[in-house]
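**Q** With the hints in hand, could you dock these two chains into one complex?
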Amino acid sequence: MPAEFIGVRHHSPACARLVAARIAELRPAYVLVEGPVDMNDRLDELLLGHELPIAVFSYLRAEGGTRMSWSPFCDHSPEWVALTAGRAAGAEVRFIDLPAWHSAFAERDNRYSDGALRYSEVTARLCREFAVDNSDTLWDHMVEVHADLDPVALAERLNTYFDVLRGETTISTADDDRETYMAAWVRAAVAAAGDRPVLVITGGLHRPALIPLAATGGTAWPEVPTPPAGSEGDSYLVPYSNRRLDAFQGYQSGLPSPGYYERLWADGPARAAEGLLESVATRLRDRNQRVSTADLIAARTQAGGLAALRGHPHPARTDVLDALVSALVSDGLEQRLPWTSDGTIAPGAHPVVVQMVAALTGDRVGRLHDATPAPPLLSAVDGELAALALDRAGRVTLDLTGERDLRRSRVLHRLRVLGIPGVRRTSGPTGGADPTSAEVWELTETDLRLPALIEAAAYGATLPDAAAVLIRRRVTDPDTGVAELAAALYDTALCGVDALSSDLGERIADRVATASDLGAVGAALGTVLGLWRHDRLLGSAGSPVLAEVIDAAATRVLWLAEGTHGGTGPADVPRLHALAALRDALRHAEPVVGVRLVDVLGVAQRIATRADVPPDLAGAGLGLSWALGAPGEVHVPTAPNRMGDWLAGLFALAREEVLADESVLATLDGHVADLGDDDFLVALPALRQAFAFFPPAERETIAHGLLARRGLRRSARALLRTTVDPVLAAEAAALESRVEDLLVREGLLPGSSPQTPEGTHD
Amino acid sequence: MSDNNSTDSDGPGIDAADLQRPPAEVRHADELNRLRATDTGARPPGWWLSMDAARRFIVGDEAGGISRKFVGDPSLIDRSLVTLATSRGLMLVGEPGTAKSLLSELIAAAVSGVSTLTVQGGAATTEDQIKYSWNYALLVSEGPSPRSLVPAPMLRGMAEGRVVRFEEITRCPLEVQDSMLSLLSERVLAVPELTGRDGMVFARDGFNVIATANTRDRGVNEMSAALKRRFNFETVFPISDFKTELALVEQEAGALLRRSGVEAPQRRDVLEVLVHAFRDLRGGSGRDGERLSTVMSTAEAVSVAHAVGLRGWFLRREPGAPADIVACLAGTAAKDDAEDLARLRRYLEQQAPRRSGSAWSELHGARYLLPG
Chain G
1 MPAEFIGVRH HSPACARLVA ARIAELRPAY VLVEGPVDMN DRLDELLLGH ELPIAVFSYL
61 RAEGGTRMSW SPFCDHSPEW VALTAGRAAG AEVRFIDLPA WHSAFAERDN RYSDGALRYS
121 EVTARLCREF AVDNSDTLWD HMVEVHADLD PVALAERLNT YFDVLRGETT ISTADDDRET
181 YMAAWVRAAV AAAGDRPVLV ITGGLHRPAL IPLAATGGTA WPEVPTPPAG SEGDSYLVPY
241 SNRRLDAFQG YQSGLPSPGY YERLWADGPA RAAEGLLESV ATRLRDRNQR VSTADLIAAR
301 TQAGGLAALR GHPHPARTDV LDALVSALVS DGLEQRLPWT SDGTIAPGAH PVVVQMVAAL
361 TGDRVGRLHD ATPAPPLLSA VDGELAALAL DRAGRVTLDL TGERDLRRSR VLHRLRVLGI
421 PGVRRTSGPT GGADPTSAEV WELTETDLRL PALIEAAAYG ATLPDAAAVL IRRRVTDPDT
481 GVAELAAALY DTALCGVDAL SSDLGERIAD RVATASDLGA VGAALGTVLG LWRHDRLLGS
541 AGSPVLAEVI DAAATRVLWL AEGTHGGTGP ADVPRLHALA ALRDALRHAE PVVGVRLVDV
601 LGVAQRIATR ADVPPDLAGA GLGLSWALGA PGEVHVPTAP NRMGDWLAGL FALAREEVLA
661 DESVLATLDG HVADLGDDDF LVALPALRQA FAFFPPAERE TIAHGLLARR GLRRSARALL
721 RTTVDPVLAA EAAALESRVE DLLVREGLLP GSSPQTPEGT HD
Chain F
1 MSDNNSTDSD GPGIDAADLQ RPPAEVRHAD ELNRLRATDT GARPPGWWLS MDAARRFIVG
61 DEAGGISRKF VGDPSLIDRS LVTLATSRGL MLVGEPGTAK SLLSELIAAA VSGVSTLTVQ
121 GGAATTEDQI KYSWNYALLV SEGPSPRSLV PAPMLRGMAE GRVVRFEEIT RCPLEVQDSM
181 LSLLSERVLA VPELTGRDGM VFARDGFNVI ATANTRDRGV NEMSAALKRR FNFETVFPIS
241 DFKTELALVE QEAGALLRRS GVEAPQRRDV LEVLVHAFRD LRGGSGRDGE RLSTVMSTAE
301 AVSVAHAVGL RGWFLRREPG APADIVACLA GTAAKDDAED LARLRRYLEQ QAPRRSGSAW
361 SELHGARYLL PG
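Residue numbers (the UniProt record's numbering), protein chains in the order written: chain G, 1 to 762; chain F, 1 to 372.
If we strip away everything but chain F, and leave its shape as in the complex, we get (with noise of 0.2 Å):
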């Protein structure tokens, strides 16, 4: 909270080269400006760009040039726009990895300009953190001022007009979660300590939120049923098919490669066994899959893919192979579960060798690589 009052330093301007990951709004400055200044569409109020603009945005527009941020429904993207355009908060729920708060950001930035309004769900997340706390020093040596606060996300995305974005909000607990409601339905901030004007912070146009939330979270903190009635719910799924997962892991495991200084190419069927092995164990796909209780999302897959690349780069100077998978897979697997380990065992020892081609008997020929 130190950097409260500090002017507004979010928003494309950034210096990007150096961060680890800049925020969406500064990854796709260039796409986000030239769709504001083509942008002829009428926008809603207080919204940086049309809604066809910020649809564009993420599902992607070939004829002009922007690239497609988000693969899933088309339709999801349009019921959470026009959603964020009415008096409902949007919420997005899913297993875990399935890109929610990517797709949150994506939205933000593009209906705000802004991603950065964001408020991590904890367990200890206190409600200083989502409307204001105060500095100190200055408290005590003026009294309660404008000056002295320190803003939390809501009360300046209320205040500015913006989107703010609350990643995992069941993870708060439901008092914190309910100091959201009279935000949500007053549409306005009251600070008691201040007086006159400043004692009563009102939504500006453009302000809403959007909440995440895991479905493997369900039951640590249920929502309230007046939270929920605030929020219309959308509900993100697994990539359903086989070569959009396969070309996103490809793509997205490629540039995190480049980045770690990676030179060699991935090898195109160690990827496809990867993201086939997910797919069963995910337990989405076909009658084989053996359904791990670990998460096996596409961000996970990506992640793995990330590893057997390092590892055979790393290790010996060549693309990874499907072995790397297996010593890879072992880790993803038995985070949380040591039956996980064994349902492994049994994909790579019964099901990888009925499947043809010569990654598949590799990755079969691995599996003495799992541990135990």
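Just chain G, with the same shape it has in the complex (with noise of 0.2 Å):
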């Protein structure tokens, strides 16, 4: 007996209805479904008992990183309805599709998607015919509106779509692989019915084609794939969200709406039209919207008129959704709404779309059954928070010194990389070379955190193995930044695991040698650097992987700075810090650092000297030789758009020296007094910046100079604590300045004679 194709879209209510009406009538032999294969040795695991939704979770970790993709059920979906009454039916329920991890899912995160249906011409010609915006409109138009069409019409009509559909739609390979695949199990399984007969759910576009191919072949029971040798594969069970099921986008997404349709499952569309106008009515009114009888009356009204314009029996989603916006929005909108056209929503849509759509998507949360089989990671996280007294809401205080409290802060480290929801460090240090040593966390308790920590075990099956994997995966990302590397090493130091092997050391250096932002070189030194050098804490220090990107890193700043050219622009205080941060790795790991001290004082000397520097930076060299030990001559610039740019660079570099030697401040204090007043205004804010790198109290020495070169004895402190707001000076003297220049125009100031001679004022 030939099997029976049931073609399907998947999460919808009305095949979900078609299968199991098909079900209970044929009562097959063997029911076979569109589904992960390797899943068939664990279908009681499946059929424990869950709150769905919920979503088989597969994963490939293989040497060139971690796949995974997802396989979700809600009660609504063909495929569960499939499982649960064929199997309540007696037959043999079996999952035909290739595994998740397999080549042929390598673009998919989501195994239900239906991007094929939204984006063909096929479909384009058939939303103008019925004069409907987009296919998910058509859908309901075409099929979930109408509860009462019997099986056999309902299954003619869909065969019907989906033929036209395949017809034009062009099949990638790796489709066509897992119709060969799906083929062969219908075959095998038709053989083994004898004369009872075999019912296939598949997504309707492979219907087509799995017809021909299941006529004709061999009857054997195709086999399982295994993963590929060298890599990991599993399949686990995730608690799934309405929210996730409405998140996939683009050609990943599935039926949207689910929250609609879970209602229309249970209750018919005639009750779910109800329900979403009461349920955006409730989250409107939850919100403080306004929304009055009289508007939910015009509302209703306009949902039925709408209906009955399009044909249909009872409201249908969009009927109910235009009828709402019509009835409650009373402005222009600024996007198109999400329902007519492809269901994204941006930010700054109308509050009152925005809850609709939130009641389209619903709150819906799936539990899993207390029994199932978790993946080992959660039982070794879950041990691991135990004994550390971690496994409880509240606040955790850490002394990083104890060796106790550092095992915890490693624990919690761990979870925060994997990015598990609960986890929030609230304080703590910020890089090796900062003195804290206390770590504060919060940890809440969420429904998120199952999820995750599920799919975090596509990692690894223990907690800092799953954290090296994954800090490993970011180091060698090529779209993570220079900067990120930096944190990234960090986070190994605080997570306390080893996911630094030496070469992965030696490709972080690659990178920063090939960088060509100085600011984030300097900052991945930087942060480098202090684990280098400090991090005993951590245990870091003087680790050789480190060392190695320390000096490329030292390198390429040098290289950066040095190729750096253009006009006067204002400090750039990222290439600052870069400069200082060679600065340091010269002074405190000179041993580590390839490049000579002597190379260095050349090219921070040509930097220092050479024309089309641009001011900050020719500071900066001036400040970096002089740092190392060896003071060039200082010529404080004069032009008032350079100096205050040229004192940054140099104050970044070489504070201390600056203030041990009284000159550079004298001259600058000879210069700044010559500037006028204009001048003086132009200078100001770059010269409070340049300021702004010494401390309050140095800052005090040199006012205590300031007074002394002018031979007064009044307090330096009072100098520096200004009444009004400095911004607010400068402000006053421009128009000071302004005013005066107007006087001097008009000849109003006494002295002074009007500058234009055919003066009209009376």
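It is possible that part of the hints are untrue.
[Said to hold, decoys possible] Just a few of them, taken from the derived set where beta-carbon distance is under 10 Å, the chain G residues facing chain F:
(1) F130
(2) N134
(3) T137
(4) G304
(5) L306
(6) L309
(7) T318
(8) D319
(9) G332
Everything labelled a hint here was simulated from the structure, so no lab data went into it. For each residue, glycine too, the CB sits at the ideal point set by N, CA and C.
**A** Structure, rendered in structure tokens:
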């Protein structure tokens, strides 16, 4: 007896109804379902009695990286109904599709997406024909709203639709592979069933291809593929939520609006429309948006009118939505209504529309049965947290100098790195050179923790392994910027994991050596240097891997600094910090830096003296050379637009040297005194920035010197304390000078005469 | 107002031959009559067509030989029609040039068979132009009487049970807008000068109001909350799909050019470049978009395409070239902001050469045609 094929749209209640009806009528020997074949031995696990939505989460961990994919199920998934109703009817139920880790799914995160349905020419043509906005509305119009359609008519309608669609859709080779594999299962089941029926439930687009493929060929049961050698793959159940079901976008997305279809499945289209209306009104009222009874009456009338116009027996999803938007939105909209376009909602959407979309999605969150097997990571984490007394919510304060607290800190950092919700550090050291040794964590309980942990199991079976794999991935990811690389290195120290094999050090060094952003390389150098020098607490001090990175970063900073040209511009603080990090590397880590000191001094002096170098960098060049023991000749620029920036560079690198040597400040004092009012205002902002490199105590010393040079005996501290905001003072000075100019021009100051001879003012 | 009490000269029956732009019910008289003849659906009270036929008139029906007259979401038409069958008015808002007026004209023609009961909003609009005024010669000789009354569109729409269009309602002063309030809620217009039954004009079935407003005019005259409550708002968006917009520009500009006596067909690649440039400069598509402050609507694209064709034909006897686009764009872009001219120049200098195709390189080559 040949198999019967039902082509469905994933998550469609109408299709789920059809599947249930066919199983009840046929009492098939086999029910074959599009789903991961490697779960066949674990079907009991799926049917333990979970609260849906749940998903089969599959991963493949290989040398090149970890790939993950989900096969979500909700109450109204035809596949789920096939599983449960098939089992209840005494049929042998089997998944027949390739495992999610198979290369056929390389481009897919969601097994049950329906990209082709959305983006094909045929769909566009059908939408025009039926005068509907998009494929989802078309689907509602043709299928979902007709709850009273009998199974035969519904099946016929679905088959016609999918046949037309398949006829004009190009199918990828990945889909070819899947269909060939699924057909082999169908043939084997038909042969085994003898004269009893076989029911096959797959995506509607596969059906037209499967029927001929299943007609000819061998009838042996196909083999279940195993992950390729050298990689590790597995599948686990994870709790899912409507929000995640709805969160796939573009080609990955499936049927939208799970909250609405869940009602449709449970109560039928009439009650689903009512429910949607009610849920939007409640949500809006909960958020203090005005929804009057008159508005609701208007919305209901409008929904009825739209349904009648569109030929629906009951208001469909978009009839209700269109009605609500007509009745409740009394402004122009900034963006298209999401259900008339691609379904996404951009920031700034109308609040009513936002709540409508939220009501469509629904709040349902799945829950796994207690007896569901969990990946080893889960019990490892639970055990570790219990042993370290971290298994309850609340605030945890850790002293990193204590061994037990350090262990606790590492566990928490590993969870943080894995992105497990409910673990948040509120304070603690921020870098290797940070003297803080206390850390405060905020632990909270959340439903999101379990799915996140199961999914983190893709990276490893124990917490340190998983964290190390993830950090490695961050470090090797070509998209990670140089600054984030340094943060990842710091994370390895915090997590106490050995994620850095020597080859990785080399690769980071390579990345640093080709980076082009001086500030970012400098930031990386600073972080790594701090870890290498200080971090006995975290155990990274003196690490050879870090030494390699320091060498590469220091060399790169030097190279980039010498290659920077440009005219006058505001001081670029990150690049000044980069040179300061280079200075520190040479001061404290000279043995591991490959460049010789003389060469560094040569570069520094070239930067300081060349004409086409921006002023801040020129100052920094001089400062670098001075800080490394070779003070050059100090020529403080006199141009008001260069002076401050140049000093910022100098002070960033050689603050202490400048303080110890009176002459620079004396020269500067002279220059500033010589500036005209206008020039002073030009120079002022940059000068203020430059002096910000001095801490308050040193600024007081400078103020002392200033007073002493003028032979004044006053409190230096008073000079530093202004009663008004300096910016305000500068603005006032600018205003005064403008007023004075005006007065002079108009001849209103004593002793001046008007500059415009033909004065027409009376 | 001179043709005040003249007989109902609107509607199918006008000789359209020498009109520059006949109203929708004249332009599409054939389709309207066919739809009405074959219309089996239930008509809302006072409607000229059933809702389904009205919808097909606007979104088109290939099988029935009805052309598609409005390019946009079909759901917008559904919502608008259902709104008009209820007691709320329809407010079409959107950027200039998104075919709001065309849509309101089409809907009025489909629902009432007449689209000419129109109030054009503006700073100088007065209540007289909305409700009624007087023929002063008759008023002086006979006193107030139905004969000396000059009805304005609202009064006629109410008395005859037809859809009244109120264009650019936010351009009217607030007090004028507010004079609509009682008409819309009470559905009655009082003429205090007249006595007896003539003094109260009650709205018949079929009366409703379609107003349009530009979002760019927001803040000129904010609409009162009371008035807002009496309307359902529908936002009309620019056309989202490139192909659809291109086809529309090609069709509309082609028709304009034929009317202007241009014989050469337009170059497809030139139109593609034109529509692409408009979409980029509208800032709605692609990351390369330099958003101009001038409205770069489809309507504007049609008029530029028209001008391009005219330049090509009457200056050189050939179809318009990319260089003509630059010359015409300068006028569009520099309309009210000199900064826009600079943006346009940047666009031509930096974005045009990145595109492939000879039309784009011609466009790039013609950038010096920009003034200044």
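**Q** Next step is simple, just say for each hint if it's right about the structure.
**A** So, going through the hints one by one against the coordinates:
1. With 10 Å as the threshold, the beta carbon of F130 of chain G comes within range of chain F, its nearest partner Cβ sitting at about 8 Å, so the hint holds.
2. Hint on N134 of chain G holds. Least Cβ distance to chain F is approximately 9 Å, under the 10 Å limit.
3. For T137 of chain G, the interface hint holds, the least distance from its beta-carbon to any beta-carbon of chain F being 7 Å, beneath 10 Å.
4. The criterion of a C-beta within 10 Å of any C-beta in chain F is met by G304 of chain G, whose closest approach is roughly 9 Å, and the hint holds.
5. Because the beta carbon of L306 of chain G sits about 5 Å from the nearest beta carbon in chain F, less than 10 Å, this interface hint is met.
6. Evaluation of the L309 of chain G hint against chain F yields a held restraint, the C-beta minimum of about 5 Å falling below 10 Å.
7. With 10 Å as the threshold, the beta carbon of T318 of chain G comes within range of chain F, its nearest partner Cβ sitting at about 7 Å, so the hint holds.
8. Because the beta carbon of D319 of chain G sits about 9 Å from the nearest beta carbon in chain F, less than 10 Å, this interface hint is met.
9. Satisfaction of the interface hint for G332 of chain G is found here, the shortest Cβ-Cβ separation to chain F being roughly 4 Å, below the 10 Å cut-off.
Going down the numbered hints, you'll see the structure goes against none, and every one checks out.
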